[in-house]
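Protein chains: 2
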Amino acid sequence: MTRERATSLKDVATAAGVSVTTVSRLLNGSLELPVETKQRIETAIQKLNYEPNPHARRLSRGRSDTIGLVVPDIANPFFATLVSAVEGEADRRGLALSLYATLNRTGREIAYLRLLDRNHVDGLVFVTNHPDDGELASLINQTGKVIVVDEDVPGASVPKLFCDNELGGYLAGKHLAEHGHRRVLYIGGPQEMISTRRRFHGLQKAMTERATGKVELFRYEGDYTAEFGRAAAKRFLDEGMPATAIFASSDEIAIGLIEVLRAQGVSIPEGVSVVGFDDVGPLHLFSPPLTAIRQPVRAIGQRALALLLETNWQQPEATHAEELLPVEIVVRSSVAPPSKQ
Amino acid sequence: MTRERATSLKDVATAAGVSVTTVSRLLNGSLELPVETKQRIETAIQKLNYEPNPHARRLSRGRSDTIGLVVPDIANPFFATLVSAVEGEADRRGLALSLYATLNRTGREIAYLRLLDRNHVDGLVFVTNHPDDGELASLINQTGKVIVVDEDVPGASVPKLFCDNELGGYLAGKHLAEHGHRRVLYIGGPQEMISTRRRFHGLQKAMTERATGKVELFRYEGDYTAEFGRAAAKRFLDEGMPATAIFASSDEIAIGLIEVLRAQGVSIPEGVSVVGFDDVGPLHLFSPPLTAIRQPVRAIGQRALALLLETNWQQPEATHAEELLPVEIVVRSSVAPPSKQ
DNA sequence: GGGGTTTAGTAAAGCGCTTTACTAGAGCTG
DNA sequence: CAGCTCTAGTAAAGCGCTTTACTAAACCCC
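Heads up: the protein sequence lines correspond to chains A and B, in order.
With the first sequence counted from 1, adding 9 to any position gets you our numbering.
With the second sequence counted from 1, adding 9 to any position gets you our numbering.
Derived by calculation from the structure, the hints in this document are not laboratory data.
Be aware that a few hints might be false.
[Unchecked claim] Lysine-lysine pairs mimicking DSSO-like chemistry, simulated, CA-CA at most 27 Å apart:
id	chain 1	residue 1	chain 2	residue 2
1	A	K19	A	K47
2	B	K243	B	K223
3	A	K19	B	K154
4	B	K47	B	K19
5	A	K214	A	K183
6	A	K56	B	K154
From just these sequences and the hints, can you work out the full model?
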């Protein structure tokens, strides 16, 4: 329990009767040694239970072998799964992970971006989910070694990785159109956000292409939260349920929405059909099991790390790519043909 | 984008025409300076956009201002919420958080514990959820500065923080007894684990005290996973549904259980009543909304960090206490009186 | 047996900061 | 004006490691 001074390279060197350099170079593989000496050193390491001091090593090497992950909120299952995937991939590659939650406060995002400057971390996987006034983008550009994930930061010239939001919207729209819906409510995130715009665009495209009769699309936009889902549901009811189907663009929105609809006695899918987005929670156990667009969350996390490590940061054009990962629709029981009325 | 050498203390010192010591001491508040000099230094810092190099600082100070959090699986909503709470509390206190997922591999847990040795982190919040053969406990004891959370590591002489598992079991049992159940199945985690034993004990106590008629308790024990929940459900059905109520000791178990029961056409609560444990997922939207024991997950995370920082680590180990945080029962619609049959 | 090559290492600088111990000079006091 | 105190700093060691450049000794070859 008492923490005596930890054993250092020097202790090992002394114990093995060699110089610090020798041990260090052996450990780093930049020195061949006769087995006998090697063994002596290794024995000393064992006996003294030596482990290199990471701070000294980082200072000396000028890198931290740590990557940073900035997310809006870790408790949100979508981000939690993303964190899990990034952590797993980082560990697999021998990197540590520093985790930062912004809770959508701009000050935080900026502070965390600055970490990179001081090689606190070697790179950053950055997830935001609110609009940027340009400050973030310019900071990202002058910082480098950032991958923007899940939601765009317009103007940032770094690699970006999103799910195929438009495809998601399209799949939802297609599914609804095929069930005969033509009046659909879209409940999206903040309207400046590219994710919500693309999802709506996909929905619109599918409905236009596939629905029979005059297509009517309604659009409520707020946050990707259960709270906004509840508010949207109330508004929908207040407005006399103008649509026969709802496309909720996050699990949280869907949760809030369903809470209120259920409380108000609107049954799903008889009263109104619902399609969700994300599909990371246990939507299959909901009442009814919820049809949703599934994001490849783990794949996004893994790919983000790969991008961070494999991008050639010297090469300007390499840093402008936007990569989309496909989504799929998971059909359950929350969509039915609109009731005649 | 190009990363020129970051500005160091020396650059600031030169720019301000003072020595490195002066700047350092000013920054650390161990030196009073005339406003004029102070301003000169501060201007230089601004202009050069200086930020201290964390690795140098840590090396020099001998501490990292970082705490480590080891959890079995980040994607699990329970742990995700815990991570979120610990991160928030760490940030509030100006500490960084390093996150490690063990995925229940013993080697990993041990490797992460060793991080502490090298003052990689200043302290560790440690969550495991599988039995220990004593190796972990002894490593924890020789490491110090560890808080064991959520699940016990028997033999570890460090502060421990759990939810009141026995109370949880008791509340579940009481609720079931009050609805007239006397034959109850307990689906728990690994039987060596203290959490599952205490929950069962609480259940038993409540049933014995409160149920009318002969109490029959069944006990399946496996992992806290949806998979085990499914297996347990199958076994329950295979054995001809010997109980009228089930107490599932994690959200995941409950999810797996409900999946199978529902697929087999057993309705809840008519066919069988169910009480869950944890209540971090959207159980209120399940079909039916699930009655569950709620863990104070965020409070656990916050308290864990407080314990880590406020414990007097000099004091003899034996005095480290075990602390319990209360749980509550959230009554929804998955419990009904047993059907006459 | 002189020169080259290989083997088996090592010395020392440097990473960027903190911290302890110290000092030059100004101002004050009796 | 000698001696003291106070102000405004500074020099230098040290944290523990990496890395570059170097060397002493042994070996080999003609």
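Hinted pair K56 of chain A and K154 of chain B, Cα distance within 27 Å: Holds: K56 of chain A and K154 of chain B sit about 23 Å apart, inside 27 Å.
- prompt: Do the alpha carbons of K19 of chain A and K47 of chain A lie within 27 Å of each other, as the hint requires?
  reply: Status holds; Cα separation ~16 Å.
- prompt: Taking only the CA atoms, is the gap from K47 of chain B to K19 of chain B under or equal to 27 Å?
  reply: Holds, because 16 Å separates the two Cα atoms, which is no more than 27 Å.
- prompt: Given the hint that K19 of chain A pairs with K154 of chain B, does the C-alpha gap stay at or below 27 Å?
  reply: This hinted pair holds, its Cα atoms lying about 26 Å apart.
field: Pairwise hint evaluation, K183 of chain A against K214 of chain A, where the allowed Cα distance is 27 Å at most
entry: 9 Å, holds
field: Given pair status - K223 of chain B, K243 of chain B, alpha carbons within 27 Å
entry: 25 Å, holds
Every hint from the earlier list agrees with this structure, and none is contradicted.
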